[in-house]
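We have chain A; now place chains B and C onto it with these hints.
Chains as they are written, first to last, in the numbering used here: chain A, 17 to 405; chain B, 17 to 405; chain C, 17 to 405.
Warning: the hint list may mix true and false statements.
No copy labels: a pair is met if it fits in one copy or bridges any two.
To be verified - Below, in silico cross-link-like pairs of lysine-lysine (DSBU-like), each with a Cα-Cα straight-line distance of 35 Å or less:
no., residue 1, residue 2
1, Lys-121, Lys-58
2, Lys-121, Lys-380
3, Lys-217, Lys-135
4, Lys-39, Lys-187
5, Lys-187, Lys-56
6, Lys-58, Lys-187
7, Lys-150, Lys-325
8, Lys-78, Lys-141
9, Lys-187, Lys-141
10, Lys-380, Lys-58
11, Lys-187, Lys-217
12, Lys-116, Lys-135
13, Lys-217, Lys-56
14, Lys-150, Lys-39
15, Lys-325, Lys-39
16, Lys-150, Lys-135
17, Lys-325, Lys-141
18, Lys-329, Lys-121
19, Lys-380, Lys-325
20, Lys-325, Lys-121
21, Lys-150, Lys-380
22, Lys-78, Lys-239
23, Lys-58, Lys-141
24, Lys-69, Lys-187
25, Lys-141, Lys-39
26, Lys-217, Lys-121
Everything labelled a hint here was simulated from the structure, so no lab data went into it.
Listed here are the chains, written in short residue letters.
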Amino acid sequence: MEQRHSASREDVSRLWPRYDEAKLGLRNYWYPVLEARLVKSKQPVSVMLAGEKIVLLRDQGKVYGLSDRCPHRGVPLSLGRREFPGMLTCRYHGWTYDVKTGDLKAALTDGPDSPICGKIGVRVKTYPVEERAKLIWVYIGDGPPPPVEEDIPDELLAPDAVIQPMMDIRKGDWRHAMENAVDPSHGKYLHRNTPFYILHKFVAYQTDLRMVPSEDGIWLRRKSELTFGPSVYPGVGTWPRHGWWRKSPKTKLKEKKGAGAAIAGGARLPAIFFVGHEDWQDLQMFVPVDNERHITWQVSMKRTRGLGKLFWKLRYWSYIRQLHHVVLNRWEDGLMVESMNCPPERLFRPDGAIVAWRRWCQQKARRSPAESTASIVPITADEPVDSIL
Amino acid sequence: MEQRHSASREDVSRLWPRYDEAKLGLRNYWYPVLEARLVKSKQPVSVMLAGEKIVLLRDQGKVYGLSDRCPHRGVPLSLGRREFPGMLTCRYHGWTYDVKTGDLKAALTDGPDSPICGKIGVRVKTYPVEERAKLIWVYIGDGPPPPVEEDIPDELLAPDAVIQPMMDIRKGDWRHAMENAVDPSHGKYLHRNTPFYILHKFVAYQTDLRMVPSEDGIWLRRKSELTFGPSVYPGVGTWPRHGWWRKSPKTKLKEKKGAGAAIAGGARLPAIFFVGHEDWQDLQMFVPVDNERHITWQVSMKRTRGLGKLFWKLRYWSYIRQLHHVVLNRWEDGLMVESMNCPPERLFRPDGAIVAWRRWCQQKARRSPAESTASIVPITADEPVDSIL
Amino acid sequence: MEQRHSASREDVSRLWPRYDEAKLGLRNYWYPVLEARLVKSKQPVSVMLAGEKIVLLRDQGKVYGLSDRCPHRGVPLSLGRREFPGMLTCRYHGWTYDVKTGDLKAALTDGPDSPICGKIGVRVKTYPVEERAKLIWVYIGDGPPPPVEEDIPDELLAPDAVIQPMMDIRKGDWRHAMENAVDPSHGKYLHRNTPFYILHKFVAYQTDLRMVPSEDGIWLRRKSELTFGPSVYPGVGTWPRHGWWRKSPKTKLKEKKGAGAAIAGGARLPAIFFVGHEDWQDLQMFVPVDNERHITWQVSMKRTRGLGKLFWKLRYWSYIRQLHHVVLNRWEDGLMVESMNCPPERLFRPDGAIVAWRRWCQQKARRSPAESTASIVPITADEPVDSIL
Chain A
17 MEQRHSASRE DVSRLWPRYD EAKLGLRNYW YPVLEARLVK SKQPVSVMLA
67 GEKIVLLRDQ GKVYGLSDRC PHRGVPLSLG RREFPGMLTC RYHGWTYDVK
117 TGDLKAALTD GPDSPICGKI GVRVKTYPVE ERAKLIWVYI GDGPPPPVEE
167 DIPDELLAPD AVIQPMMDIR KGDWRHAMEN AVDPSHGKYL HRNTPFYILH
217 KFVAYQTDLR MVPSEDGIWL RRKSELTFGP SVYPGVGTWP RHGWWRKSPK
267 TKLKEKKGAG AAIAGGARLP AIFFVGHEDW QDLQMFVPVD NERHITWQVS
317 MKRTRGLGKL FWKLRYWSYI RQLHHVVLNR WEDGLMVESM NCPPERLFRP
367 DGAIVAWRRW CQQKARRSPA ESTASIVPIT ADEPVDSIL
Chain B
17 MEQRHSASRE DVSRLWPRYD EAKLGLRNYW YPVLEARLVK SKQPVSVMLA
67 GEKIVLLRDQ GKVYGLSDRC PHRGVPLSLG RREFPGMLTC RYHGWTYDVK
117 TGDLKAALTD GPDSPICGKI GVRVKTYPVE ERAKLIWVYI GDGPPPPVEE
167 DIPDELLAPD AVIQPMMDIR KGDWRHAMEN AVDPSHGKYL HRNTPFYILH
217 KFVAYQTDLR MVPSEDGIWL RRKSELTFGP SVYPGVGTWP RHGWWRKSPK
267 TKLKEKKGAG AAIAGGARLP AIFFVGHEDW QDLQMFVPVD NERHITWQVS
317 MKRTRGLGKL FWKLRYWSYI RQLHHVVLNR WEDGLMVESM NCPPERLFRP
367 DGAIVAWRRW CQQKARRSPA ESTASIVPIT ADEPVDSIL
Chain C
17 MEQRHSASRE DVSRLWPRYD EAKLGLRNYW YPVLEARLVK SKQPVSVMLA
67 GEKIVLLRDQ GKVYGLSDRC PHRGVPLSLG RREFPGMLTC RYHGWTYDVK
117 TGDLKAALTD GPDSPICGKI GVRVKTYPVE ERAKLIWVYI GDGPPPPVEE
167 DIPDELLAPD AVIQPMMDIR KGDWRHAMEN AVDPSHGKYL HRNTPFYILH
217 KFVAYQTDLR MVPSEDGIWL RRKSELTFGP SVYPGVGTWP RHGWWRKSPK
267 TKLKEKKGAG AAIAGGARLP AIFFVGHEDW QDLQMFVPVD NERHITWQVS
317 MKRTRGLGKL FWKLRYWSYI RQLHHVVLNR WEDGLMVESM NCPPERLFRP
367 DGAIVAWRRW CQQKARRSPA ESTASIVPIT ADEPVDSIL
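With the rest of the complex left out, here is chain A (with noise of 0.2 Å):
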């Protein structure tokens, strides 16, 4: 049907309107939002997640989070003190909340027995927050929060699992990121000719291409069989026209048929992109910050033990970082993401992948306590994508 070639915003809202409300992210998960070694016992730290500022500090080993502003004037407890274990202090009257609660346990300039205390609206709103895999996450959403372990790849929670995460903050839509991660057709062509792909033996085409949730119903995995190499394209011309240093892909691609030879990714929710390479692993993850900027996590991790722990990072450290991370993806990707601008839209064959992630979103993401479920219509597995597009 012609109207789900061609997308309006009206399209978009009318097919996936949870998805296209989404602007500040899916409600009701828990995202990464800094590396735990920045959360230092001294000096509390502020980020933006899903447009709220929340300030993180560590108290006893354990990580806090509180909205970052003071009830009193507004100014933002990042400012504030560690006056006391287990209390903040905003910088500018000392009202001292407890971290745990939020509760206002002094106003230090107005004596031990302040009559602001205990009275209403002088709570500070707490955030639910874990640190797990080097990194801190915290929990966006209503009501009580599901173990933060239901919203981490179990490979990142393997006590072998030696990780190395990269955090960008980057201009653009979140979901414009996390699509661009699922999308199987772009780095055919954007990434082909990356210095660090020289050698890699890119195919020209799949057309088989579909996205099978998993057994587990976590998982949107890529799925194809056909792959093909160079071809002539009628009015235009040859493509690819490899140089002389690679072989013809026509032949190595036959033997990798079976396994599919495009990078094998999954998806999962809220936005978590899997990309397994040989014998290590790529995770990214993409959180809204407010509304033009979102994070990209990158991080690689391999299971290893002893002196594996050590080849690893030296691999990682001598080009994994460098060339995946940086040019292939902050340079290369962040570009695109960043100058993409729509709706409108004009989707072709190979965004069935992309159509499929966004139904997935429309009918998995966890709901509010309050939100109806009664329209929820089940997603068929291995649909084609045919059918989709």
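Positioned in the frame of chain A, the structure of chains B and C alone reads:
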């Protein structure tokens, strides 16, 4: 009453409507806008006051002010030239205005008989301008201004006052800046550990603060007899915890009890705050610039003559300016005023001083001839703080 | 009539509605947007014209223009690559467009049989583009364009014209920039003391200025027979007061009287101004960029051949560019145009030229096929200035 404690925008607006509306300043007052030495004979100077662009220039020693916009095509007159005595000529086409009256006296490029002269709509608005106490004062208001001396503290006009002004254009609402000066409470926490005050014995808190009008009705003065030293805050701990280098303030404070150990201060309209030190004085004056900015004046002065002038100037430049005005006020108070994000606000007992100041503005601020005075409620002298909050 | 003298936004809109609405330029004209040498074969170039983003590229010597937005996901095509002759390929997914027609010829990453090719909604808008007189001209309008030569002054197209263009992207409304060129009055004051003109004999004023259409109806030319030298302005003084190094202009001006001593100039649509110097010419062309900016072109030219070309270029680079185009125009006029803040405005006698120009635009500017021409009032040739103002 609860609504007096927690003030939304609506509450502030209901209780003190004139104050709430005065984002660009209280009208019908003289404001200091520039050091007089900066207005020279040759080059006009552009300033912004209460959202109005004004060009200042000096002619035969006296300073004049006109609206900084040529009615012809809207080019700023501050780009213009002094072609003739008593005149300011627009840079673009030579429209020449009488600096005293704002009348268009000639349009040079249209000849001596130009029909434009004397027509309606070509007069430029003039502003009353006076030079006193090393500063340029401009009147913003409707109708004839009172003598400028009515809006300048007597201390500044004393013939033997040696005056040292410092002007900052800062981000933030002028009302937040003035309220920060009026506020008797924040200094006990915000400024306690300022390097300058390392030997200073701050009180911990006061509970009997009140604002008392002076006999002549010009000043609203802070008063307090009860001051307290370090105390135990239940569930929190002892505060303040002095270092070894400070003697216990408890004994010391008792001696000072009668005088009130807090810094003596008084406020007057439109936004002037007076701080008396042992043998010298500080005046803080806050001037609305536009919707984003205000001027903070810090004027130090001492009445002295002869060699005393030299000693005083040495003292000012050796530490007073840097410690009082830069570190303590520009850095510490300035950061708070810039960061304040209210209403909504949640006042506490010491904010009785701020509430009293807002009522003072509401009731005593000068009115334009057109404004009704029917609804003015007299302020009661020495009203106790706890009846205000 | 009084309303002609003092024009509010409403007055301008009522008298010259087409001109008033043309904030982004008069449509249905060719505009110069770039020096031709800056568009090379390899890298596309992005320009902004009349609020529209356009990508320019050179293919087999000829320059083409397309809307700078891929319909797929809105990424700028100017980030794209020249993969095939006659084609521009989007950097993101390899969508490949015919530069002549804007048709999508291939979507590389979806294979030669991609169903997207040929579907509706994937064509990119093309712009008529021509290269003349060292410049790239782009047509902004509806319907088929006239020959580009219709919008280029003949002087620029002469085969022996040696052309030196300078392009500035400046803040300010293109209409203010063009009116500044048309305005016969400001130069007598604004430019009088420009270093370059220190030996120049400016007239003081003219009272008989009028705008006269050329016989072919293309140009609107300034005419004046009466020029005046220094005069006494009542209540103000004598002006101009020349320095010792300038001979009295009174005598000199008499000699020039017949020719009109003011710089001869003429205006034509859409926003071109011609200045004739003794043996060379200057063309100023003003091009709408967006709501904030315009391009000011200053094109110097002289008809000459052989060694004359060399001498002319030496002359241009030794003083004409720096003094005429940088000091006088970029610095002096540019500051005025950027500072102009109108309407409201209050016109005076010499602004008759500007009024005539606005009426010229209102009546003679090209109309889109759809626009009604019912309300066009013919302009009277040689209408005296004083009946306009």
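Cross-check of the supplied hints:
Taking the closest pair of Cα atoms, Lys-121 and Lys-58 come within 35 Å of each other only inside a single copy of the chain (20 Å); across copies the shortest separation is 61 Å, beyond that limit. Taking the closest pair of Cα atoms, Lys-121 and Lys-380 never come within 35 Å of each other, the shortest separation being 41 Å inside a single copy and 38 Å across copies. In this assembly of identical chains, the alpha carbons of Lys-217 and Lys-135 lie at most 35 Å apart only when taken from different copies (31 Å versus 67 Å within one copy). Taking the shortest alpha-carbon separations for Lys-39 and Lys-187, both the intra-copy value of 13 Å and the inter-copy value of 30 Å come in at or below 35 Å.
Both within a single protomer and between protomers do Lys-187 and Lys-56 lie at most 35 Å apart by alpha-carbon distance, with minima of 27 Å and 30 Å respectively. Both within a single protomer and between protomers do Lys-58 and Lys-187 lie at most 35 Å apart by alpha-carbon distance, with minima of 30 Å and 28 Å respectively. Taking the shortest alpha-carbon separations for Lys-150 and Lys-325, only the intra-copy value of 16 Å comes in at or below 35 Å, while the best inter-copy value is 62 Å. Within a single copy, Lys-78 and Lys-141 get their C-alpha atoms as close as 18 Å, which meets the 35 Å cut-off; across copies the closest is 58 Å, which misses it.
With identical chains, the CA atoms of Lys-187 and Lys-141 are at most 35 Å apart both within one copy (28 Å) and between copies (28 Å). Taking the closest pair of Cα atoms, Lys-380 and Lys-58 never come within 35 Å of each other, the shortest separation being 40 Å inside a single copy and 47 Å across copies. Taking CA atoms no more than 35 Å apart as the test, Lys-187 paired with Lys-217 passes inside one copy only; the shortest distance there is 31 Å, against 49 Å between copies. For the identical chains of this complex, Lys-116 and Lys-135 are intra-copy neighbours only, at 18 Å inside a copy versus 59 Å across copies, given an alpha-carbon limit of 35 Å.
Taking the closest pair of Cα atoms, Lys-217 and Lys-56 come within 35 Å of each other only across two copies (31 Å); inside a single copy the shortest separation is 45 Å, beyond that limit. Taking the shortest Cα distances, Lys-150 and Lys-39 sit within 35 Å of each other inside one copy (27 Å), while across copies they are farther apart (47 Å). For the homomeric pair Lys-325 and Lys-39, neither the shortest alpha-carbon distance inside one copy (39 Å) nor that between copies (61 Å) is at most 35 Å. Taking CA atoms no more than 35 Å apart as the test, Lys-150 paired with Lys-135 passes in neither setting, with 38 Å inside one copy and 49 Å between copies.
Taking CA atoms no more than 35 Å apart as the test, Lys-325 paired with Lys-141 passes in neither setting, with 40 Å inside one copy and 55 Å between copies. In this assembly of identical chains, Lys-329 and Lys-121 lie within 35 Å of each other by CA distance neither inside one copy nor across copies; the values are 46 Å within and 46 Å between. With identical chains, the CA atoms of Lys-380 and Lys-325 are never at most 35 Å apart, being 37 Å at best within one copy and 74 Å at best between copies. For the identical chains of this complex, Lys-325 and Lys-121 are neighbours neither inside a copy (46 Å) nor across copies (50 Å), given an alpha-carbon limit of 35 Å.
Proximity of Lys-150 and Lys-380 under a CA criterion of 35 Å is satisfied intra-copy only: 28 Å inside one chain copy versus 59 Å between copies. Taking CA atoms no more than 35 Å apart as the test, Lys-78 paired with Lys-239 passes in neither setting, with 41 Å inside one copy and 44 Å between copies. For the homomeric pair Lys-58 and Lys-141, the shortest alpha-carbon distance inside one copy (21 Å) is at most 35 Å, but the shortest distance between copies (56 Å) is not. Taking the shortest alpha-carbon separations for Lys-69 and Lys-187, both the intra-copy value of 18 Å and the inter-copy value of 21 Å come in at or below 35 Å.
Proximity of Lys-141 to Lys-39 under the C-alpha cut-off of 35 Å is found in both arrangements, the shortest distances being 22 Å within a copy and 30 Å between copies. Within a single copy, Lys-217 and Lys-121 get their C-alpha atoms only as close as 63 Å, which misses the 35 Å cut-off; across copies the closest is 25 Å, which meets it.
Violated hints, listed in ascending order, are 2, 10, 15, 16, 17, 18, 19, 20, 22; each of the other numbered hints is respected by the structure.
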